Amino acid sequence: MKTDLHPRYQNTTLGAEAETILRSCVHCGFCNATCPTYQELSDERDGPRGRIYLIKQILETDQATARTELHLDRCLTCRACEATCPSGVEYGRLLDIGRGVIATKTKRKLRERCFRWCLKQVLPRRTLMVWLVRLARWLQPLMPAALQRKIPAGQKPGVLPVKQHSRRMLLLQGCVQAAATPNTNAAARRVLDRLGITLLEIREVGCCGAVGYHLADHGDGKYWMRRNIDAWWPLVEQGVEAIVVAASGCGAMLQDYGRIFRDDPNYAEKAAGISHLIKDLSCVIGAENLHGLALDTSKKLAVHCPCSLQHAMGEVESLEKLLKRAGFDLARVAEKHLCCGSAGTYSLLQPTMSQTLLDRKVQALTQDTPDLIVTANIGCQLHLASGTEVPVLHWIELLDQTSH
Amino acid sequence: MPISKDISLDLQERVGSAAESKTPLQLIGGNSKEFLGRVPAGEPLMVNAHKGIVDYSPSELVVTARAGTTVSELQNLLAEENQVLGFEPPEFQGQATLGGTLATNLSGPARPWRGSIRDAVLGVRLINGLGEHLRFGGVVMKNVAGYDLSRFQAGAFGTLGIVTEISLKVAPKPAAEQTVCLARDQVSALDLMTKLQNKPVPLSGLLWIDGILYIRFSGAEAAVQSAAKRIGGERLMDKEATEFWMSVREFTHPFFSGPQPLWRYSVKSSCADFDKTPVLIDWGGGLRWTREAASMEPMRQFTEAGNGQVSCYRGGDRQGEVFQPLPPGLMRLHQRLKHAVDPLQLFNPGRLYADL
Amino acid sequence: MANLKLQLLTELLKILPEAGIIQDEETLRPYECDGLSIYTEMPLMVVLPDSVEQVQKIIRLCSRLETPIVPRGAGTGLSAGAMPHREGVVVSLAKFNRILSIDADARQARVQPGVRNLAISEAAQEYGLYYAPDPSSQIACSIGGNVAENSGGVHCLKYGLTVHNILALEVVTAEGDILRIGNQGYDSCGFDLLSLYIGSEGLLGIVTEITVKLLPVPETTKVVMATFDRVEKAGDAVKQIIAEGIIPAGLEMMDRLAINAAEDFVHAGYPRDTAAMLLCEIDGMAEEVDEHIARVSAVFNKEKAGCIRVAADENERQRLWKGRKAAFPAIGRISPDYYCMDGTIPRSQLTKVLTTIQSLSDIYQLRVANVFHAGDGNLHPLILFDANVAGELEKTEEFGGKILELCVDAGGCITGEHGVGVEKLLQMPYQFDPASLEQFQRVKLACDPQRILNPGKGIPQLKHCQEYRSLSQASVGRHADK
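Residue numbers (the working numbering), protein chains in the order written: chain A, 1 to 404; chain B, 405 to 760; chain C, 761 to 1242.
For the record, the hints were derived by calculation from the structure and aren't laboratory data. Treat the hints loosely; a few may be bogus.
To be verified - The list that follows gives simulated cross-link-like pairs (lysine-lysine, BS3-like), each with its CA atoms no further than 27 angstroms apart:
(1) B/Lys577 x C/Lys1062
(2) A/Lys321 x C/Lys1082
(3) A/Lys321 x A/Lys299
(4) B/Lys633 x B/Lys643
(5) C/Lys918 x B/Lys633
(6) B/Lys577 x C/Lys999
These numbers come from a predicted model, not from an experiment.
All chains should be modelled from the sequences, with the hints used to inform the complete structure.
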């Protein structure tokens, strides 16, 4: 597509990157077909092609208002469009750039700014989250029903393995997942223990940075990223097989460290090294021999593969393949490529669209009457659980529970 | 090769003088279908002398012929190259011309699977009401430049001008053909027709009459054999089968004779509530023939809901409407379109509808 | 104009909710073009109705105010048919995205125009049925757009174009009347209005409902891929297959540039180092398919194909097609811009025309990738260019025009399935004589006396034709000299 950047962005790293992406778009519109918001709203401005055009306009005129911002805000960043795009447009990256630029042009309402600030302050802080979740559970009976459904049920992490294996991997402890579903990482450690792998958690490692980064506060995002790189690096240098992530939303962000820091002389090399080691839990276990696990596979599962796993990390089949190989009966699921509406902080910032997509997703997941819904990301897990009576689990719990 | 003669300049002149004197023209080809449509009116203009093959490229699957060429001549020519007209038009003892076939859009038993002449048309040349000799479409399979005024001629009964030349897509002659018969009452025959048509089998005919369902398969030898075997039933000998399907296509089957008006219902193939007798069901349920001494009004009730349309094919009151009347909005559009092509209303006035 | 806009807006607010009207210049921008982004124009406003009544009211309003209307579907068209009118309203049918009913027994479906082409086949799948025409953009393009353009696709060699697969339409006329044309049976009494409306590029009415024909999914489908070291050999093989009396479900050709771009996207295992590749798909009953695949392979052998491969399973078949279907946009990987042509020629002229295009490519110094429906002679030369380089677009347009004229000279036409739109207006007088163009205009006026539907598209005004002719005369050789 023809581009004519405003002088302000010409000869800048950001401008050059954006221009390369814009030029690779040929405006075919295939992306709209798999975009959840376009499917719901049918408005060119609420599909990837239209957003690309709006971002192009920002960079060509150096002007934008809240009108444009609304449509960029509505994007879930599920990146289904990237998987559909034959021209290889790096839409997610362009959107991050666009959101960053427009944040300098518009001023959000005070209420909105406060809310976003709170999200950035609270969500990434594990200890604070743990307390908040406890407080919420305690207050749950007093809340309206709609809100009650959003509170995760209590979980006990269970006994952690103590044996040290020669095969070692790092495990991202994370923030929201650690607070809301502490059993996920615990289960991962137990299952991998049985497969002869020790998972190490480093306390200093916190939020992957996605919360701030995707709220167009790149500085805040990078703060968390640098912290993690610094905490992991000594162990990476000693040699670990992989950095395992049980929440694919975080995995996708971590895989992006290399690109985000590629122009940072202090972090470029380390960040690339870390990104290279990132693996989703399903890929790690998928590579192992599962015969020793003696699983109970009587339940029929509906699998929701998170967008971060299928579109961002490109692992479309890893989870389903693994579960099939483990012997589970998988329910028929429609529109597998569509986002559930969770999308990080999206469910909090765009509740209406989020709820519409949730209803659509629950419908697609339950049409074949599954016993359980399993997924691979904390955001999707909590979001789906708020919209259906069918129990929603992180799949690793299933491998953990049934093997006793 | 059929005889070749180009009288298009004559025809243009005739139209010109008709325009001057405002004399309506009655277009006549082989005169094999005079009984069709409303009563012809206007000064007779013979167009069948304009005939001959303009171009035939077997490897392109395309033939271009003047409209006066008879269907029989054309079929014979195609047969030499092992090709056919997929839509199986009636030849009416060798009288039917290509132009008349297009004007009436008549297709044989294979129509649901191989299309009609309308589907096979790629391009036409046409003399409009201003006497201009125009060209629409072409000789290639795909052509979307301009409005599709060539397929538009199908079924217009010559009211939109004199078609002088037609380019058609032709088909390879099926390698094998086989017909099997099953004894079935009407309800279960229709049911089986629906089931068969929902399966990917090489059908080319599904017809029910007098308690017998005739099923024809065409295509590669192995596929035809296997499909026929799956159905079971009694196999018709090839000669017998050819004669049977020919009798339907040429309207020589006894069902079509008799004094009462012959009604033709083109309907949704799965229509189950069609209760008229006697009935011949063709096109897998999509075409139902009946005989009844009735007028258009009661006969059209069945198709009011949009599930199809009725016309009085032969006999009956041909001064009144013989094709299912159009709603006012559609009739207005027809009149305007007619006016756009034939502003002086020269061609076959009233042949299709009284107001057209 | 400001007054008109205000008046329109006031009246439109009585018809539509505020969210269904887009009128601020900032966010109107994404609507300034369709899939052919080199032609742009900003509309007065865009409206997103979701009921027939709204469409009817909008048309009546525009008719009263003599305001141009540009209908728009998914905006994937490649002839700028949905490019807005400066003084007009874009009516987006995207919200008409429901499949209303599927009648499995009658093998037909009633759908709204904004439904994606592929979504119909997906919905029909549970009945063992599908909708046959499959434009390469079928994942995204809307069935309403298919009707407007009479779209083809890779399978129309055997199953026909859109016009062969539509039973009925609901149309809102330029005067706001609702017409039902066609019916659930095969034939209609009166003029064949389906033929007239299908492919009329939104110039004669706005389609608000479509009844499509569905077909049973073939029992067996197989695809064979063959590579050739010369394009001519592939062209000969195409002719030979048809001469054998075989009608493949699809018969497609790609050249080296296109093969490589598509392979980068789908990793289908296309051999990269080959001049041309054919994909030939056969469907039907198992016995028939096996027989035909064997005969097609024999033809390929005789024409000295390099590699002949029959897709081993459904997965591989899907991958081979995915590459073909994504081939246009995949060109975005090797060139910032491309311009897609759509001429159709008789099959016998394939080699000659392709060779001439190659020599024009050398003269204009612009690369050409070829991806096309070889079976029905529908060429899609993609001219690769860089719109950021001054003058290159103009050079590309001129080259494109030459290709279309070449197709007409070879006995073909300027557009097989993409439509004339804005893009090919210049070449219309090359294919049609003035009297035929005049006839088109009279038909247009019969349906749209005020010329408010998609004005400036599809059919050139005669007074412009003369200008076009002298213009194109003047430009002959301008770039060829360089």
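A quick look at each hint next to the structure:
Taking the CA atoms of B/Lys577 and C/Lys1062, the gap is near 24 angstroms; set against the 27 angstroms cutoff, the hint holds. This hinted pair checks out: A/Lys321 and C/Lys1082 have alpha carbons roughly 22 angstroms apart, not beyond 27 angstroms. Between A/Lys321 and A/Lys299, the direct Cα distance comes to roughly 16 angstroms. Compliance with the 27 angstroms bound is thereby established for this hinted pair. With a C-alpha separation of about 19 angstroms, the suggested pair B/Lys633 and B/Lys643 falls inside the 27 angstroms cut-off, and the hint holds.
In summary, the hint linking C/Lys918 to B/Lys633 is supported, as the alpha carbons are separated by about 25 angstroms, within the 27 angstroms threshold. With a C-alpha separation of about 17 angstroms, the suggested pair B/Lys577 and C/Lys999 falls inside the 27 angstroms cut-off, and the hint holds.
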